[in-house]
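A.B. asks: Sequence:
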Amino acid sequence: MKATRMTNRKSFQIPLFICCFLFLAPAVVTTGWADDPAAYGPRCIRDQLKVYESMAQPVDPGDYQMSDGMTPPPDPGLGDSWDWYIWHLAGYPTATLESCTIRGVGDNVYVVVEDSRWNVHVNQEDVDLILEHFDNSSVGPYPTQGIWDLNTSHFGFPPDPLDNDPRIYILYYDFDVSSDGFFWIYDQYPDGTQPFASNECEVIYLSCAVSDPGGDYLTAVAAHEFEHMIHHNYDTNESSWVDEGCAELAMWLYGNPDNIVGFNSVPDNNLSVWNGTFSDYIKTYLWTLYFFERYGGQVAINNLVQQPGNGIPGYEAVLDAMGYTENFADVFSDWVVANYVDDETLLDGRFGYSGESLPVFTSILRSSYPAGPYNAAVQHWAADYVKFINGEPLGLLFNGLDSSTFAARVVTYSGGLATGVQDLPLDENQDGLLDFEDFGGSVDQLVLVAANLTSGTGSVTYSYATTTPADVADLPAAASSWLTAAPNPLRPGGALRFQTPRDVSVQVELYDAAGRRVWSWAREEVSAGIQEIPWDGRASSGALLAPGYYFARMRAGGLTKTSGVVVIN
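Going by mature numbering (1 follows the signal peptide of the UniProt record, and there is no 0), the letters in the sequence shown line up with residues -34 to -1, 1 to 535, in that order.
It is worth saying that the hints were derived from the structure and are not from the lab.
Heads up, a few of these hints could be off.
As the list claims (entries may be wrong) - Estimated spans, in silico, between C-beta atoms of each pair:
1) 90 / 123: 23 to 31 Å
2) 341 / 371: 14 to 22 Å
3) 382 / 16: 38 to 46 Å
4) 382 / 24: 58 to 66 Å
5) 21 / 311: 50 to 58 Å
6) 530 / 94: 54 to 62 Å
Glycine included, every Cβ here is placed at the ideal spot set by N, Cα and C.
Working from the sequences, and respecting the hints, build out all of it.
C.D. replies: What follows is the structure, encoded as C-alpha cells:
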C-alpha cells in the first residue's frame, strides 16, 4: 500500500463582480429523487451547474504546471488517500477539503470514497460490483460489455488534459442536495485558474447516501454521468436536451433505463426545450432511443456526439452524413406516432420501439358527432393526441396556424389494434381534410396526431372538427378551401375532393414526381362547397397510372391549392 497523501490546496479568489453575478444565479434544484420512479427530482444537476460553468475562462492546460500535491499521485493505487474538493451545491457551489481513499482499481476506473462514508454507505461488496459493471458486464442488451466499453464505443472517449491517466475516477460522497450525480467541467482545468476549484482529473461524482452504490440504478447513473464527461470532450456547448438524451441512452445501454412516467401523461412537451423535469428526461430518452434504433444505431449516436452542430442542426447533419433522405421533421413526425402506437409490426416498423415497451399516452376523447370545431394549442416540437370512438363515416378537418408548420396524421384501429397510419394532407395554409368512410364499421377508433414542426417557445394554435359531405354549411370558416384525395392512398374508383368558398371556375391537375402533368379536369363554373371528381386510375392518355407519389393542384378563382397524393392500383 502506498503512503497516505494529505496535502494543502491552493485557494483561488473570485473577483467581487463575478461573485455577485453567481450569487444571483438560480440555486440548484433540490427536489427529491431516489430509486422510486415516482420521485421526479433531478437525477443529475449538470444543467443547473451550467450557469456557473459559463464563467469558465479560456485556458490551455498545457500552459500550466499542475499544482504540487493537488492532483492524484503519478501512479495511483489501491488504498491511496489524498484531499479532494467535496462540493456543496445547495445554492452557490462551495467546496471543502475532505480525505478520500481509492477503494477499488479497475482496468478503466478508480472507485474513490470519502473516508467518512466508508463502511457506512459504501462497502467492499459495493466496490466490487461497481468495478465489475464498469469494466466487464452489464444487465441489458449487451451483457458481455461494461460501461466503459458501452460508452466509449457509442459516444467516444473521455478527455484527459491533465493527469495523463486513461482511467477515470468515480467519487462517492454524501450530497447536500437531492440528486444522484454530476460531472463538473472545472476538474478539466488546473486548480487556481478558474472561479471554481479543480480536482485535476476526469471524475464523476455520485451520491452514496440514498441509493445503493452497488445497485443497478446508481450504476446506471454512473453511465449517465460518464456520457456527460465524454460529450463535453467533443462538444462543450451541446444543447442540454441532446446531451441528456444521450446520457439517458447510456442508462439503457447498461440495462437500467428510467421508467417511462410523466411524459406519457403530458406529451405536449417541447422536445427541444430542457427544463430539468423528470418528464424532460423521459422525452429525451425516448427520442434518442428511437433515433438510435431507426437511424444508424451506434454509428449515428457516435456521429451525433462528435458533431459540432448543436440541437436540431446536429441531428440534421448526422442524417445528411449518413445518407438518409429524411430530415429532422420527418423523423419527429414518425416519432410522435410511435410514442402512441408502439407497434413494430405496423407497416414498415417505424411506429414502434424494439428496446422499450411504452405505456399508454394520454389523449383527448371525442365520442359524439359532429365534433367541433375545437380550438387547441400544442407546443413547438410536440404533439397532441385526439381519440375518436363510437363513430360513423366522417371527414376529419384540420386547420393549423397559417404561419406555422404541422404534421397531421390519423391512426386507424380495429378491435384495439392499430391497422394503419394515414397522412392528413395539409395545404400551405395548414388546412386539410381526410375522409374515413369505414369509421363505425371495420374501423372502430381514430387517433389524430397533431404535431408542430417549428422551433420556438410557447404554443401554436390549431383547430379540428368532423364533417360529412352533407355538412357543407357547417364547415368551419378556416377550412374554406382545400383539395385532397379520397381516399389517400388513391386507387381506381376513388375521387379528388375539393371545396371552394364561392362559385368559381376550377382546374384540377395531377403531376408525377418529375413534374409532368399526367391528368387534368376543368369546369368553367363550380358551385361553392364540397365537390368530388371521380377518378378511374388512368392518366388523360387513358393509360393506367403507375403506383407512386403524385401532386394534385387546384386552381380556383385565383387561388391555388396543392396536395400530395399516393396512387396505388
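A.B. asks: Starting from the hint list further up, note which numbers the structure goes against and sort them upward.
C.D. replies: none
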